[in-house]
Amino acid sequence: MRFQSGFAARAERVAMETRAIERPSGVQQVLAPAGWSDVRIEAWLDWVEAEGFATPLSGDWLNGGVDAWAERLAETGLTEGVFDRAEAAAFVEELSGAFRLGLAAPAASGPAAVGVVDLNDPGAAARLKAHAGRRAAARLGAQAADALAEALAGVADAVDRCEGPRGDCGDPSRNPALGRAAALARRCGASDADILRAIDGERPAMALEPMVEGAPLVALADRTQIAAGAPEALLAGEAALDGGLIVAFDPRDAETATAQTARALIDLGAVLALDGDMATDLADLTRLLTVALDLQSSQPGPIALGLDGLLDALAASDDRMDQAQTLAGLVAATAGQTSAELASLRGPCLDWEDPETPRRHSAIGLFVEDAEARLRLGLGRVAAIDVFQTADGEIGRRLHPALASAISAAGGDVEAAERWTFGRRTLVEAPGIDHTALRALGFTDIELAAIETALGWAEDFDTVFAAPVLDPGFIRDVLGVEDGDGLLLTLLGVSEEAETAAARWVFGHGDLRDWPEAPASVAALLADPAAAAADLRRAVESFSDMPDIAIEPMDWRTTSTQAARLLSQGALDGRRVLRLSRAAPPAGPLLSLPSLDTARPELGRPEPVREAPRSAPTERVVERVVERERARRKLPDRRKGYIQKAAVGGHKVYIHTGEYEDGELGEIFIDMHKEGAAFRSLMNNFAIAISIGLQYGVPLDEFVDAFVFTRFEPAGRVTGNDSIKSATSILDYIFRELGVSYLDRHELANAETEAQNPDDLGDGKPDAHTAVPAARFISKGFARGSAPDNLVVLPFGKKGEPEARAATNSEAVACPACGDFSLQQRGAAWVCDTCGAAPALQGGDQG
Numbered sequence: 001m002r003f004q005s006g007f008a009a010r011a012e013r014v015a016m017e018t019r020a021i022e023r024p025s026g027v028q029q030v031l032a033p034a035g036w037s038d039v040r041i042e043a044w045l046d047w048v049e050a051e052g053f054a055t056p057l058s059g060d061w062l063n064g065g066v067d068a069w070a071e072r073l074a075e076t077g078l079t080e081g082v083f084d085r086a087e088a089a090a091f092v093e094e095l096s097g098a099f100r101l102g103l104a105a106p107a108a109s110g111p112a113a114v115g116v117v118d119l120n121d122p123g124a125a126a127r128l129k130a131h132a133g134r135r136a137a138a139r140l141g142a143q144a145a146d147a148l149a150e151a152l153a154g155v156a157d158a159v160d161r162c163e164g165p166r167g168d169c170g171d172p173s174r175n176p177a178l179g180r181a182a183a184l185a186r187r188c189g190a191s192d193a194d195i196l197r198a199i200d201g202e203r204p205a206m207a208l209e210p211m212v213e214g215a216p217l218v219a220l221a222d223r224t225q226i227a228a229g230a231p232e233a234l235l236a237g238e239a240a241l242d243g244g245l246i247v248a249f250d251p252r253d254a255e256t257a258t259a260q261t262a263r264a265l266i267d268l269g270a271v272l273a274l275d276g277d278m279a280t281d282l283a284d285l286t287r288l289l290t291v292a293l294d295l296q297s298s299q300p301g302p303i304a305l306g307l308d309g310l311l312d313a314l315a316a317s318d319d320r321m322d323q324a325q326t327l328a329g330l331v332a333a334t335a336g337q338t339s340a341e342l343a344s345l346r347g348p349c350l351d352w353e354d355p356e357t358p359r360r361h362s363a364i365g366l367f368v369e370d371a372e373a374r375l376r377l378g379l380g381r382v383a384a385i386d387v388f389q390t391a392d393g394e395i396g397r398r399l400h401p402a403l404a405s406a407i408s409a410a411g412g413d414v415e416a417a418e419r420w421t422f423g424r425r426t427l428v429e430a431p432g433i434d435h436t437a438l439r440a441l442g443f444t445d446i447e448l449a450a451i452e453t454a455l456g457w458a459e460d461f462d463t464v465f466a467a468p469v470l471d472p473g474f475i476r477d478v479l480g481v482e483d484g485d486g487l488l489l490t491l492l493g494v495s496e497e498a499e500t501a502a503a504r505w506v507f508g509h510g511d512l513r514d515w516p517e518a519p520a521s522v523a524a525l526l527a528d529p530a531a532a533a534a535d536l537r538r539a540v541e542s543f544s545d546m547p548d549i550a551i552e553p554m555d556w557r558t559t560s561t562q563a564a565r566l567l568s569q570g571a572l573d574g575r576r577v578l579r580l581s582r583a584a585p586p587a588g589p590l591l592s593l594p595s596l597d598t599a600r601p602e603l604g605r606p607e608p609v610r611e612a613p614r615s616a617p618t619e620r621v622v623e624r625v626v627e628r629e630r631a632r633r634k635l636p637d638r639r640k641g642y643i644q645k646a647a648v649g650g651h652k653v654y655i656h657t658g659e660y661e662d663g664e665l666g667e668i669f670i671d672m673h674k675e676g677a678a679f680r681s682l683m684n685n686f687a688i689a690i691s692i693g694l695q696y697g698v699p700l701d702e703f704v705d706a707f708v709f710t711r712f713e714p715a716g717r718v719t720g721n722d723s724i725k726s727a728t729s730i731l732d733y734i735f736r737e738l739g740v741s742y743l744d745r746h747e748l749a750n751a752e753t754e755a756q757n758p759d760d761l762g763d764g765k766p767d768a769h770t771a772v773p774a775a776r777f778i779s780k781g782f783a784r785g786s787a788p789d790n791l792v793v794l795p796f797g798k799k800g801e802p803e804a805r806a807a808t809n810s811e812a813v814a815c816p817a818c819g820d821f822s823l824q825q826r827g828a829a830w831v832c833d834t835c836g837a838a839p840a841l842q843g844g845d846q847g
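Each residue of the sequence shown is one higher than the last, beginning at 1 in this note's numbering.
Honestly, I wouldn't trust all of these hints.
Distance windows between CB atoms, simulated [unchecked claim]: (1) 462 to 157: 25 to 33 Å; (2) 459 to 157: 26 to 34 Å; (3) 440 to 637: 22 to 30 Å; (4) 459 to 497: 51 to 59 Å; (5) 459 to 34: 50 to 58 Å.
Hint data in this document are derived by calculation from the structure and do not stem from the laboratory.
For every residue, glycine included, the Cβ atom is placed at its ideal position computed from N, Cα and C.
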């Protein structure tokens, strides 16, 4: 058999480059066409490994796997007399060249379905239910395993994040986060033993493979009964909801669906892009692939040459249906002729009905359903938006090239179509919400600039009109709302209609369904490209010996009754086979469920409780706890507070506090006098951390309880503070001061009774009460002169101290040791009544 397609010569002109592709065993350097995406190359490498060429064979393209596969087929053909040496070499070069040009790709071989069940059989219902149950169990089991593994990992994380004794961190009654995680794991199906192992640090090592959907089952039905809505239609509708059932109306179609079939996929768009006659190139490619598929098996059987890219090749044509049928007829005729030639060389198929014109293959199909093969050809789903990889490896979006060419051929504006699909990415002149409307709400040029920048990458307004795009202080102080209370535009009173209109202007419509500028000749194509592609597939089905078993999506909430109606309609329309499946549900939560706190501190199973006698219903007041994400409460720019100077163990400490309007502590600063830079920086950053915690709502009590009685140097006597006279550390002093000043925790004060240094002798008797000027407590600068200078604080309601008895001896003088005027002569010596010192006074009478 001769091959003169010229694919090898044209493949030499394809630009090649070495790419770094990440594989399970590591990163591989792979030679591949420069225009291929990483995903496409990975799909080819997966196929090469599946064919038994896991180890790179050479530095040739795709690690030499494609050439090795073609050479293996050529050896088979050479052994069985299909080729001579020259023809075998030409076969290898042409097949490799066709793959390098992206014209075709091998697909998975095997039966499309696992068996046939006749709906008129009494046991059909049980078999269909068992088949649907196995598929549902596989799907739900994979979901449950994922959820269980995640829940057990959450249990281990709750223990790892805990700071404290190991026993407390591993106790659900003492670690609330662990209690919630353990309750969730139990609801996901984990046993208490699994939860306890996760608490001990054992993480689930579930190497879950992606769920592979099982092959469907073929149901042979009577067209008249299904069209009439007989009970068999409802039975088939129940089993067809998840795509696991193919309803066939002809025994031959049912038989071909379960036959062992060799498959390959042809990209008609790539064939059309070649610099040559498309009909000739397509015929040469069909002949080449027919031989390749036949050489994969020693036994004759069906083959399938899937025609993909029909819409890509024919979107710009006015007579798409006629051209599609012409191409399908060419492929079917060429494959049949090649099959007859192979029958004379390798033997005919015994199942072929016409013995006068024997064929090697009992059936030649024109449809292939293989997602991996589509990846190897770089084909995506048919939609208005096409995802592609740029030259620098970035992922981008564009209008589907086939639709763009159709719009251009019909005289439409491609740029207008792109604006309608992807939006303008700006609020300038936007309907509903524009810059003028935002300025009226309080937005300034700074916020508008941040919004315009974010519109370039965001996909919705919820991301743009929120922190961190907008400053939380601006949202709270200017707009008057708290970030996280809800959707900002809704809180500002923007109507849903205005927001929707602006969102479509900015982010686009996502498709061309309602594009007002669509040319009339391509309006239906632009409105639903997937339906147009399905129409082309149905147009070529009559040229295929095997039916099209592509899935027809239904709404994700379709019921079995609705599916039965669709089957009945398909039977009335004369469809050869029908395969239905629910579409994937929308992403995200679909139910708004009440919050139920089902966490229990203990992990043991609860004991059964006897039901108490029912009494008359009584009125109850139910409190609903509404939790929301903690937001930071920032301090006002001009704030009040105080500065406390003291010395701990001889080391000076300055505490600066900042307060909210209601007097609640919001920040502290700590300054150490004449200390090293590292220690001072450490204390400053510690104070910042405490301040941030206070502003996020951490109670001051928690910090006080955590840091009082901490012990490290400097420690000891405290001077300069009228409430605290000794401390075990700097932190002990700081949080004693804050506890006394802001929490009224006077048990932390130790001015007299709780001195913690052994040589503390007290401070003597307090001075008599005198009028204290208000300026001592009120900052004149903070009040900006509003506090008069003649205000004083009067000690009302306090009993006076009892008058001291007059000294019987001489008048007291100042003590040189403590400075108090309590040094009196006691006999022949002078003794201080305050500190007990007995100095020898210079020039004094010493007796």
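Taking the hints in turn, this is what the structure says about them:
1. 462 to 157: 25 to 33 Å: holds (28 Å)
2. 459 to 157: 26 to 34 Å: holds (30 Å)
3. 440 to 637: 22 to 30 Å: holds (25 Å)
4. 459 to 497: 51 to 59 Å: Distance hint for residue 459, residue 497 is violated at roughly 20 Å.
5. 459 to 34: 50 to 58 Å: violated (31 Å)
When the structure is compared with the earlier hints, violations turn up for hints 4 and 5 and for no others.
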